[in-house]
Amino acid sequence: MRAWGVVAALIGALALVAVWAPRAVAEGPIKVGFGMALTGGVAGNGKAALLAIQIWAEEVNKKGGLLGRKVELVYYDDQSKAATVPGIYTKLLDVDKVDLVVSGYGTNLIAPALPIVIERKLTFIGLFGLAVNEQFHYPHYFGIMPAGPSPKTDWSAGFFEIAGRQNPKPRTVALVGADAEYGQNALAGARENAKRHGLQVVYDKAYPPATVDFTPIVRAIQATNPDIVFVASYPPDSAGMLRAAHEVGLKPKLFGGGMVGLQYASLQTALGLMLEGVVNYDFWVPEPTLKFPGIEDFLKKYQERAKAAGVDPLGHYVPPWAYAYLQVLGQAVEATKSLDQQKIGEYIRTHEHDTLVGKIRFAPNGEWVKSRVLMVQFQNIENNSLKQFGEPGHRVVIYPDEWKSGTLIYPYAKAKR
Amino acid sequence: MRGRALLAVAVALVVLAVALTRLSANQYYYFAAYVIFQYVVLATAWNILGGYTGYVNFGSAGFFALGAYTAAILIKAFPVPFPVLLLAAGTVGGLLGLSLGYLTLRLRGVFFSIATLALAVVLQTLIVNWEYAGGSRGIYTMRPATVLFFDNYVEFLFVVMLILALGALATARWIEHSRLGRGLAAIRDNEEAAECMGVPTLRLKLVAATVSGALMGIAGAPFPYYVTYMEPASTFNLDYAVNSLAMPMIGGATTWVGPLLGAVLLGTAQQIATVTISSALNLLIVGVVLVAFVILAPDGIIGLVRRRRGGRHA
Amino acid sequence: MTAGILLDVRGVSKRFGGFEALTRVSLQVREGERFGLIGPNGSGKTTLINCVSGALGSDEGEIRFAGHDITRLPAHQRTRLGIARSFQIPKPFVSMTVLENLCIPAEYAAHARFPGAGADVVAEAMEILRLIGLEAKAHAPAAGLTQIELRKLELARAMAARPRLLISDESMAGLSSAEVDEILAILLALNERGIAIIMIEHIMRAVMRFSQRIVVLDAGARIAEGGPGEILNNPAVEKAYLGE
Amino acid sequence: MFSFHLLLNVIVAGILLGGFYAAVSLGITLAFGLLNVVNIAHPAFVILGSYAAFVVNSRFGLDPILAGLLFMPVFFLLGIGVYRIYYASFEKRAEESLRGLVFFFGIIFIIEVSLSLQYGVDYRSVHAAYVGDSFRLGPIELAFRLAIPCAMALVLTLALHLFLSRTFYGRAVKAVSQDHLALRLMGADPVRIKGLAFGIAIATASLAGALLIMIGPVEPSIGREYIGRVFAIAVLGGMGSIGGTLVAALILGVLESLTSTFYGPSWALAVSFGILLLVLAVRPSGLVGRAG
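Chains as they are written, first to last, in my numbering: chain Y, 1 to 417; chain V, 1 to 314; chain S, 1 to 244; chain Z, 1 to 292.
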């Protein structure tokens, strides 16, 4: 019976806490709440995003805040685990009484928040979610990632478009990717694109995330002798794949496409010369065609604080977008002069937004009206130099034409010298 | 007599919980409590095979995920009522448990544990390569907009998990005080001696493994509705295995109160840590506490309490 | 049928990999008999006992107990039929009290055989403890017992299964002379109640005093059988023990 | 797609990978096979070794393998310390099986989280002049990144084998696993011998870690991927046999490599776990191991 007494007391305590929940006050600062991956698998991106968000909040507050009220960030570590997300968002909304919520980083951590957001009819901006809204069809969800209206295919469209323009046109393609959420989605899109361009798929395999050595895979690809190779890999695999390809001497006419991680300065520095000639997706690079207002200032601030925060030293990949998704939200609040979720959502849906990463307009499904997935080629790379990646001319934009900043060195082998 | 008193308390708790959903609209506590109750079920289930019988299962995550995926696939395939989900997840988990039980035929101690680890990986590989279950891309499960009696699905899940937790505890308590429980304890202490003293060890181990597996599967059944999006890597997360083993070890693995205490304490600490301090630090604390407990308090909190009281048996 | 055959081992062999531990061993134990099984180290005594109690399966031969063929039965069912054993190295249920240790065979073996008979498991267990001389320790945890107490617990626990045949596997090894006498007295008292006992022992004094009939094993084969006097004077036995 | 040249190269790649697996598994073979200490945290110690190599490499530009060798004494002492705790808390009380497992489970967490607190969860890699280059041997191409770890693993295997068979302490370690009495006759203290052997097991993790980070980038929780593999190898190798471990590791490496190339990489991991389950179910004494 004594044991049971302990149990009853514990549950009783829990109930009491529930009854005496702190009641937040409505006035005071505007609270923006979110969960972010500060530990776990995607913490590298999550922490970088957090720094960008903090910079945004500081800048806004310096200018007097939103609607004359200061902005306060309320955030919790979702540990890169989907299971923590529902708890975090209900805590933010019910206990902390935040006024606005935005998403954490990545599909896995956006999706579990959506049912809560939808139930309460809130406006929600997602950071780097791949086709999350396909399942929910929620009108007030917006995705900050320039993948375009049909993200899966738009992701690799540029890569295949570039291939299609070459003469003679490549005829065969090898598809390889990580057997995980991103890899599979990107491969599915690449399959469609390959079909659209009349390419014959000679290799199409996924590898498990725990793969140690990629030599056997690269050998298998080499044996099929493809004209182009599309890779949809996560950061460690991108490095492994590239190293194995380099060692084995795999030299198709075009190599890369969907390799995550080649956008990170740390990995770029580590791989150095091996990157030469690789054509890969990117969202923003320091090329003259992409000098949007404010981005240089932002990156300067970010880079000064990157070391202390333990995040990517250059911050070209996630941080500008993390800044932008709050920029969009902030602009909507200012424009509607309210915190009314309906009005904010309506505004975001119907207007164009001028941000750090260029002008953004959303399609009815919440994705960008037009894809801006860049295809960049690594050119003139040296070993062991971080600095070069902060300068133009090393990640040259090949596609889309609107942002083009250089010409493709083709085939891949020629770039490799 | 004592059993009836506990039953009364359990019923009172459920009534209280339902009443609470009427009073407070604060969803956070339901979500938080849901997670803790889920760990009560998992820890209790683990303990039936691990604590009572002495077979350490490192594959709890596999059982949990299998239950969750069973539910998600059923929801995707047919419009099934909720109790069917629980039943199906329990059945699948129980069958997996049964096969695990047969493993004990050949494997003892560490070898068994390593096999459970491998079993979880094989299961994950199967799900990853199963297109209908979403493969590695994951599977979405939409919550129904309405549910009978409750104004909100989360409140419903909260009450369901509370009932499951109480059910698991009742099962564990019943086993502990039955002939079955004494037989399992004999197996844990010395399997060879138990067999020679007339205990049908294989049958008892099969029962324990099946019950344990079924409960873990059931714990996973409401999970698709809770997260709405599952993919193998996070559903098969090692955390479930660690927690469902750490909680009984910290609470005390020989009685049903141990996993409950461990789950409530560790689960609450983790919930609080998630929304306060850095969670990496929080995980470190779990690791240190776990190591400290196995070294300093081998019988968990229950053991400490008993030792303080002078070795009297509760 | 003055005293029927209780245990009938017919041509049992057991191999471990290439090593033949038992070679077509046969022996019979009668109801209520005091039976000694001796042999040098590694002669296969414990292997034979394991084959009889069911801890090991035999590769060849047949084992019958009280008219049943038990060759393929799992150990717990043999216990329910009436074969109980103690272990050479005591294997108590360490998380339980002494009394609780006895309740396991009482519940699982004795009461599976005689359903309903003597529903009071605890009273029955106390009775056995009294007989063995452990009643003072009934509520003590088994983990804290001394060596002699552990040996007594082994015997008491085997008794709680209400056996017709008790196999005592070196219950006296390492005990003092006085303690050996104590165990011997207990075994004789148990035998008084009509239980057949197989004693495996290295302490010759005890075996000779106790046994009505003795079988000697050497290198997995039976080399002699007879009363204590015959065995002592058997040259083959002497050779097995002392070498050439 | 099938050609002799490809087959040859794939098998060689598998052998190189297998050699590396051997380096990671030797510590398990020592601890688990010979000492009966179920150190499931061994892969975590390997990751610790990777980070040690990483820190020294990025700070002072020291060659990763040299760093791995340099840290071996430190890891050796760490191993002795861990064993002392393990002995005092579990082995002495004869409670090693269940609680010992949980103890090492906790150690995995402590190592992983400490690393990610200190160095973050980003992937880390090392620089060395030869990483990324390859050389040819007839029709076979060998990458330094894989060939050097494999060679180092072979050296380590040989060294351990010689240590166990030729030295007094080595024989004492072997004796401790089989016969405490013989050990006492040799006049050695089993606890000290076991501590020594466990220290050596952990010391191999230092070198294995350096090899790992040379093969590919490393993050704190990557060790989990190896738990199943290394136990599969230790069991397959016959629990405690150094030569058996090498053979088992090579078999696994070649099988994974072949599966990966000719069938599909997504099943490569399932192969090692499938083999583990099969071996455990059918022949727990291992493929090349001692009986019983």
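Don't read these hints as lab results, they were simulated from the structure.
Where a beta carbon is used, it is the ideal one built from N, C-alpha and C, also for glycine.
Hints may be right or wrong, so weigh each one.
As the list claims (entries may be wrong) - Restraint-style ranges between C-beta atoms, simulated for each label pair:
1) Ala143(S) to Val11(V): 46 to 52 Å
2) Thr224(Y) to Val74(Z): 57 to 63 Å
3) Phe163(Z) to Phe19(S): 28 to 34 Å
4) Leu131(S) to Val288(V): 49 to 55 Å
5) Arg305(Y) to Ser99(V): 52 to 58 Å
6) Leu273(Y) to Gly81(Z): 40 to 46 Å
7) Arg136(Z) to Arg361(Y): 51 to 57 Å
8) Pro149(Y) to Ala77(V): 27 to 33 Å
What the hints assert, rightly or not - Interface residues of chain Y toward chain Z, partial, derived using beta-carbon atoms under 8 Å:
9) Phe136
10) Asp179
11) Lys205
12) Asp213
13) Thr215
14) Ala270
15) Ala306
16) Gly310
17) Gln331
18) Ala335
19) Leu339
Mind listing which of the numbered hints don't hold for this structure, in increasing order? As far as the earlier hints go, 1, 2, 9, 15, 17, 18, 19 are violated by this structure, in ascending order.
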